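Participant: For the record, the sequence lines run as chains A and B.
The opening position of the first sequence corresponds to residue 1 in the working numbering, with each subsequent residue numbered one higher.
The opening position of the second sequence corresponds to residue 266 in the working numbering, with each subsequent residue numbered one higher.
Hints are computed from structural coordinates only; laboratory data are not their basis.
Computed from a predicted structure; not experimentally measured.
The C-beta atom is built at its ideal place from N, Cα and C for all residues, glycine as well.
Any given hint could be a false lead.
[Unchecked claim] Residues from chain A shown here face chain B by an in silico Cβ test under 8 Å; the list is partial: (1) L43; (2) D49; (3) P58.
Each chain is listed here by its residues.
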Amino acid sequence: MTSEEYRYLIPGYLSGGLSPDDRRIFEEQLRADSQLRRELGELQAVWRDMGEIEEEQPSPFLRARFYQKLNEVSSREPKLAKGGFAWWKPGLAGLVRQALVAVALFALGLFVGREKASSPAADQMTQLHNQVQELRQTVALSLMDRQSSTSRLEGVSWSMQVDQLDPELRNALVQALNHDPNTNVRLASLDALEKFTRDNDVRQALVNSIRQQDSPLVQIALIDSLVHIQDRGAAGELRKLAEEKGLNAAVQQRARWGLEKLSLN
Amino acid sequence: MEELTDSALMKLVQGGDSSHLAVLFERHHLGLFRYLTQLSRNRELSEDLTQEVFFRVLKYAGSYDPNLPFLVWLYRMGRNAFFDTLRSRSAEPMGAETLEVRSREPMPEEVFSRKQDRLWLEQALQTLSEDKREVLVLSRFHDLRYKEIAKIMKCEVGTVKVRVYRALRELRERFCELRGEKLYDV
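Given these sequences and hints, build the entire structure.
Facilitator: What follows is the structure, given as structure tokens:
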């Protein structure tokens with residue numbers, strides 16, 4: 001093996017991916033070659049520091065959109081006809097759209113009317129913004145109350161578009177997270193709540209929710225969320241999960257990982 | 266509770282039960298998203314592609330070969346989806362919505378230096394060419410063996426081995442340049 005070929009083994013040595021034979025050969029060379037030792041030390045530092053690069057987190061919409069689409073695929077509901085006024089046709093989605101258009105027209109009327117009355121434009125924009133926020137919240141709450149899980153998912157998606165979480169909507173999301181019969185709705189609710197974890201009540205609700213879940217998927221997603229928001233208050237719950245006998249192995253493993261992450265940062 | 270392997274889940278998906286895609290999504294969407302983010306440096310695009318890839322999994326479930334690790338198949342599909350988008354958007358600048366360097370809040374002096382190093386390393390990684398960044402990211406962040414990376418990138422294992430080494434070395438050079446350090450000739 002040439003000295004260059006020994007160097008090609010460095011990343012594999014650092015990641016623990018070398019075969020036992022390659023590892024032995026590499027370590028023998030390492031004892032004899034000071035340049036190789038120096039390069040290993042330099043690259044080892046970079047390799048280790050790479051592990052500390054903050055990893056990107058997707059927005060909560062990714063999971064919600066995925067489950068919404070999956071629900072559509074699974075339920076094989078007939079799609080609305082395309083073209084013309086298909087978006088206005090009857091059905092839940094149609095109703096929501098109609099409500100939206102009505103409120104948008106109302107808001108536009110209000111805006112134009114007040115513009116003419118020469119009120120300050122900034123105030124009007126704020127009012128308009130608040131009305132849209134209220135509309136979103138109303139639509140979210142209304143849809144989350146439906147029988148169909150597709151509608152409830154759509155409701156959760158709407159809740160992600162509000163800027164501030166009203167207590168009523170917060171309770172509805174926590175309720176959905178803990179008790180919705182559909183796992184996808186529970187996961188989407190978690191994503192929606194994660195946007196508001198500056199609110200201590202939301203953080204506490206996430207911690208409390210771990211024990212209420214029977215789905216390993218939701219438990220793992222909760223652990224990920226708590227680690228992502230660096231909620232050290234969750235350590236106690238994670239420890240209990242890590243030590244609980246008979247719990248799903250993947251959940252236990254994730255809980256141990258979570259504990260490690262919380263104690264590292 | 267016994268956990269189903271990815272291949273076993275894919276078998277169920279192949280059998281027409283799309284609900285099992287949710288388990289595969291939960292297991293792998295974060296890794297796939299991060300891989301795509303490192304490739305594209307565009308968070309929004311990576312989210313779109315992550316979703317698209319999982320529905321490609323559903324669409325092409327019939328062509329899944331259980332002898333191939335699911336992760337390799339998934340990442341390969343992600344890679345193809347990314348390059349398809351790159352081709353179709355070749356007229357548009359991909360960097361339009363690139364990831365911003367995270368804003369830093371004031372921090373205690375003792376941790377500042379370490380955080381600064383991490384930031385420089387992140388920037389150095391972003392300056393590597395696409396193929397070098399990809400091979401390094403797959404090797405470092407996704408715990409994939411060279412054999413698996415070779416299958417994703419459709420090249421020889423030996424090529425991966427050389428590329429990872431060269432990418433790591435170049436990363437160090439770029440990092441040291443950012444820190445204003447002088448490099449030894451190795």
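Participant: Against the structure shown, which of the earlier numbered hints fail to hold, in ascending order?
Facilitator: Structure breaks no hint.
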